[in-house]
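In order, the protein sequence lines correspond to chains A and B. The numbering of the first sequence is the working numbering, which starts it at 1 and goes up by one. The numbering of the second sequence is the working numbering, which starts it at 1 and goes up by one.
Don't take every hint at face value.
Across the chosen pairs, the derived CB separations fall in these ranges [what the hints assert, rightly or not]:
# : chain 1 : residue 1 : chain 2 : residue 2 : range
1 : A       : Asp-170   : B       : Ala-57    : 29 to 39 Å
2 : B       : Gly-19    : A       : Gln-42    : 43 to 53 Å
3 : B       : Val-79    : A       : Gln-42    : 23 to 33 Å
4 : B       : Thr-76    : A       : Glu-124   : 39 to 49 Å
5 : B       : Gly-40    : A       : His-108   : 42 to 52 Å
Counterexamples of contact, computed for chain A against chain B with all Cβ distances above 12 Å [claimed, not checked]:
#  : residue
6  : Gly-27
7  : Arg-59
8  : Arg-65
9  : His-110
10 : Ala-123
11 : Ser-129
12 : Pro-140
13 : Gln-147
14 : Val-149
15 : Gly-175
16 : Thr-217
Far from chain B by the CB rule (all over 12 Å, computed), these chain A residues [unchecked claim]:
#  : residue
17 : Thr-94
18 : Asp-151
19 : Gly-208
20 : Val-224
Bear in mind the hints are in silico, worked out from the structure with no lab data behind them. From a predicted model like this one, the values you see are computed outputs, not experimental measurements. Just so you know, even glycine gets a beta-carbon here, dropped at the ideal spot from N, CA and C.
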Amino acid sequence: MTARIGVVTFPGSLDDRDTQRAIRLAGAEPVALWHKDKDLKQVDAVVLCGGFSYGDYLRAGAIARFSPVMEPLIEQAKAGLPVLGICNGFQILTEAHLLPGTMLRNNHLHFICRDQKLRVENAETAWTSDYTAGQEIHIPLKNIDGQYVADQRTLDELESEGRVAFRYLDVNPNGSNNDIAGVANEAGNVVGLMPHPEHAVEPLVGTGRTDGLPFFTSILKKLVNA
Amino acid sequence: MARVVVDVMLKPEILDPQGQAVQRALPRLGFDGISDVRQGKRFELEVDGPVDETALARIHDLAESFLANTVIEDFTVRVEEVAEAVK
């Protein structure tokens, strides 16, 4: 049976279709989830995609965190359901306290859109096993609230437990603490990152690289082997 | 009816790029002598019924879980006197 991966659409989500497409290209079945859904339609994993959920009018991700779909999602994520948060999805996961820290406006206050070099720091999460630790990849980045911050104790904990999943290389585009681009929870089933792997899955579009595809093949492999 | 004001500010140790941008613009506008600017948010909640301890406690919870992100922000809750509307 094909793995079914849910993609939540909130009002203001932008990358739901790209994410669904990336899932399909990896060989899994994308399942559209709506922010008002009260159940997760028995999907095997969920991706919270990029965009500006509910306009991000309070703080990025703060309103989405209280939508009906988040209730079962938070509960099941704590029980081990693999969840990937990309950009706004990452912000929602921090607001939901499924991942530590939070995102501030970029330190230079500009919206950035660039092809960003990253280093994969943790290749043992549910979403990164098709990478190798230390691998350098290029993934598009586009946001204005991308500065990852956490208190020193949280940062020390993330570093010592190997939970910094991705780090910015060459340039830190937004002032993030410790050049952090993405983090994982303790169990490794919940991962969040600011850059957009779903925009780097086909050679014909974007930068011509497919460095983002392993996210979606990693989870597929994990689910099939589960 | 009463008004409760929730003020949300970034914690002192958190960089406030918006406040800094405002502060950097001040000399250009001819305002000297202002050494720092921090930018926050103010929420004005119009509350039906009396603002008793229970109501304030609920608003405190609301501020803590939703209006402020306590990872980076501090907040205060206070009741504001509202002038009686002219009938």
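Next on the checklist: The output says Gln-147 (chain A) does not contact chain B. Does that hold with a beta carbon cutoff of 12 Å?
Outcome noted: violated (8 Å)
Next on the checklist: Does Val-224 (chain A) clear chain B by more than 12 Å, comparing its Cβ with all Cβ atoms of that chain?
Outcome noted: Val-224 (chain A) is indeed farther than 12 Å from all Cβ atoms of chain B, at 36 Å.
Next on the checklist: Within 23 to 33 Å: is that where the Cβ-Cβ distance between Val-79 (chain B) and Gln-42 (chain A) falls?
Outcome noted: 48 Å Cβ-Cβ, so the 23 to 33 Å window is violated.
Checklist entry - Non-interface claim for Arg-65 (chain A): all C-beta distances to chain B beyond 12 Å? => result violated (9 Å)
Checklist entry - With d taken as the least Cβ-Cβ distance between Gly-175 (chain A) and chain B, does d exceed 12 Å? => result Check fails; 7 Å does not lie beyond 12 Å.
Checklist entry - Does the claim that Arg-59 (chain A) lies off the interface hold, with its Cβ farther than 12 Å from every Cβ of chain B? => result violated (6 Å)
Item to check | Reported absence of Thr-94 (chain A) from the contact zone with chain B (all CB gaps over 12 Å) | outcome: violated (8 Å)
Checklist entry - Taking the CB of Asp-170 (chain A) and the CB of Ala-57 (chain B), does the distance hold inside 29 to 39 Å? => result violated (50 Å)
Checklist entry - Against chain B, does Gly-27 (chain A) keep a CB gap of more than 12 Å to every residue? => result Holds, because the least Cβ-Cβ distance between Gly-27 (chain A) and chain B comes to about 37 Å, which exceeds 12 Å.
Checklist entry - Can we confirm that no CB of chain B comes within 12 Å of the CB of Thr-217 (chain A)? => result holds (33 Å)
Checklist entry - Going by Cβ atoms, does Asp-151 (chain A) stay more than 12 Å from chain B at every point? => result About 8 Å separates Asp-151 (chain A) from the closest Cβ of chain B, which leaves it inside 12 Å; violated.
Next on the checklist: Please check whether Gly-19 (chain B) and Gln-42 (chain A) have a Cβ separation lying inside 43 to 53 Å.
Outcome noted: holds (47 Å)
Figure legend: structure checked against the earlier numbered hints; hints not met, in rising order: 1, 3, 5, 7, 8, 9, 13, 14, 15, 17 and 18.
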